[in-house]
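Student: Listed below are the residues making up each chain.
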Amino acid sequence: MIAIPLQHILIFSLLLFAIGLYGALVRRNIIGILISIELMVNASNINLIAFSKYTSLSPETGQIFALFVIALAATAAAVGLAIVLALYRIRKTVQADEVHLLKW
Amino acid sequence: MENIGSFIDMIFVTAKAWILALLGQFLPVWIVVLASIVISGVAILCLGPVIMMYLTLLERKVIGRIQNRYGPNRVGIWGLLQPIADGIKMFTKEDIVPANADKLIHLLAPIMTVVPALMIFVVVPFGRQMTAADLNIGFLYFIAVSSITILPIFMASWSSRNKYSLLGGMRTAAQLISYEVPMTLAAVPAIMMSQSLSTNTIVLTQAGSFGLNWFIFTPWGIVGFIVFFLCATAECNRPPFDLPEAESELVAGFHTEYSGMKFALFYMAEYMNAFTLCGIAATLFLGGWQGPFLPSWVWFFGKTLALICIMIWFRGTFPRFRVDHLMAFAWKFLLPLTLVNILLTALWQFTSASAAWLFSIMILAAMLYMLVKLNRVFVPEKRNYVLAD
Amino acid sequence: MELLQLGAKFGIYAVMAAILVFALGVVTFRNLFHCALCLAAALIGTAGIYIALQAEFLAGVQILLYVGGVITLVVFAIMLTEHLAGKTVRQNNAQSLPAIVGLAGFVTALIALILKTPWPVTEAALKAKTSAMGLGEALMGTYVFPFEVISIVLLAALIGTVVIAKKDAPEERP
Chain A
40 MIAIPLQHIL IFSLLLFAIG LYGALVRRNI IGILISIELM VNASNINLIA
90 FSKYTSLSPE TGQIFALFVI ALAATAAAVG LAIVLALYRI RKTVQADEVH
140 LLKW
Chain B
5 MENIGSFIDM IFVTAKAWIL ALLGQFLPVW IVVLASIVIS GVAILCLGPV
55 IMMYLTLLER KVIGRIQNRY GPNRVGIWGL LQPIADGIKM FTKEDIVPAN
105 ADKLIHLLAP IMTVVPALMI FVVVPFGRQM TAADLNIGFL YFIAVSSITI
155 LPIFMASWSS RNKYSLLGGM RTAAQLISYE VPMTLAAVPA IMMSQSLSTN
205 TIVLTQAGSF GLNWFIFTPW GIVGFIVFFL CATAECNRPP FDLPEAESEL
255 VAGFHTEYSG MKFALFYMAE YMNAFTLCGI AATLFLGGWQ GPFLPSWVWF
305 FGKTLALICI MIWFRGTFPR FRVDHLMAFA WKFLLPLTLV NILLTALWQF
355 TSASAAWLFS IMILAAMLYM LVKLNRVFVP EKRNYVLAD
Chain C
970 MELLQLGAKF GIYAVMAAIL VFALGVVTFR NLFHCALCLA AALIGTAGIY
1020 IALQAEFLAG VQILLYVGGV ITLVVFAIML TEHLAGKTVR QNNAQSLPAI
1070 VGLAGFVTAL IALILKTPWP VTEAALKAKT SAMGLGEALM GTYVFPFEVI
1120 SIVLLAALIG TVVIAKKDAP EERP
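Protein chains in written order, with this note's numbering: chain A, 40 to 143; chain B, 5 to 393; chain C, 970 to 1143.
The hints are simulated quantities; they were obtained by calculation from the structure and are not laboratory data.
Quantities reported herein were computed from a predicted structural model and do not represent experimental measurements.
Treat the hints loosely; a few may be bogus.
Derived contacts from chain C toward chain B, CB cut-off under 10 Å, selection only [as the list claims (entries may be wrong)]:
no., residue
1, Glu971
2, Leu1006
3, Glu1025
4, Gly1029
5, Val1030
6, Met1048
7, Gly1129
Even glycine gets a Cβ: it sits at the ideal position worked out from N, Cα and C.
Assemble the whole structure, with the sequences as input and the hints as a guide.
Tutor: This is the structure in structure tokens:
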């Protein structure tokens, strides 16, 4: 087992999460927002696995939660991108701030 | 006699152990560990390109025979030096990059194609104790690494700034993703029966007497093998599944804009993928290196080359699929068949041998009849094309 | 042997740094296709981190599902919505600065928290091992209900995606 401290992994995943959050906040393109969200999900997955490795006697638990998260992230990406494509077909844009029909 | 047999069987393993022992006498342990990795790595790095070179020759020879001509026979005896001549030709060709291309990605794409193709070699069991790294997730590793192959094709098709390339890339993505699903599911029965993802363990469970207890000698094994092999043919874009690079429709698809050595790298990855996919198919269903009398690595290479010859035979025989037929074949025919096959394997485990044969053949026959009935040939309605409105 | 351990340790830190650089690429590049490629690189790097944490099965699943599945979907969507010539559009909205300030506060607060918390890292936990078989038994045993729920969710998402993305029936041309 290569012993790097748990704190380092947590800080690393925190930075990754923050970068993803930044992307989700400032991107105009909906696909850009979606892939930033994938980064955030990924960061949380690293945390799950790190915790299960460092503190749990049965590391399966954390890994199975990470598995579920990966499956749900794939689902979210599929449905989200389908919505983007439907939107593009109707409104010919994928910029989030140009879709403001319900805004006044 | 027995001794000589086992010596030839283990010749490569013994050679490596001998070198490591020699190094271990006057070098610290960690260098020996590194050297062990380096030796396996170098062996794979040499094996990949050599296999690719001679597969091209084999393909040209076999295709030539199928078309009633000789194939290359001028360079060296039986054209054995032809691949080297081809290599020199490829190296000296001009490297053309389109003016509007995305230069960096255009350069990275061919390099990125070769890397996963070489990485797969790590888990292929070439012979007794001749797996470079016996990972306990071996098969998953194989599936994961081969799924990366889609990425460089996207890079190539996007960075070329060419509509044919882009169309080729889209077709590739659709095809590779579709055929990956039945391929994985077709391999599941073999994993269920050997209760392990490690390629080495899968081979070991097929030992039996004379090393002939191959999975293909069971009903689920035959179905699984055929489906896996068809999907493997589709995964490495070989005819009749070569829509992504169909010359007559797409001007060669994603590698239209590549020339010289970059094109050669795509070619190389394709042949190495063909080899590894056939090798994995042999591992999963044909008993890998198991077999009577001959050394283990002879069995492995023999089986793999036989499968590759079948692929070449496909190329010489079948016309290309149409896109919608291709998709329908994967999703409507192969996928349900593999699911039923997994069920069969579970039944096989819990029923006695003769009853299991009867059951499986009945279920398979019913399933095949149903699938063929359901997959009626689709005749598109007559369309009138109107010019731009 | 110590030298190899040290090398592996530096390797992990290098992979972490590379992931962060690629992640920055994901949120800053203007060309969305480059973003998707950076995301792929970051995800492959994450698989490396999983291997370092002895979760090899997860690493395999990560590459298979993310790189083989999600990235392909993303690239497909990009190809269908972007123009090939790629006229440069402004990709970021005007909230860049407030976002950076807010996130800096968030990150510093959490780092302080992480460093202060006494994590219950035990020697026994570090030695515990998992295998693909253990994962499978847990999925079929303890976690069989969430597993079934996930499969229903996946089925629903599959049908939903097809319904949303499907083209409407073409209208009759006059």
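Student: Taking the earlier hints as the rules, which of them does this structure contradict?
Tutor: Hint 7 alone not satisfied by this model.
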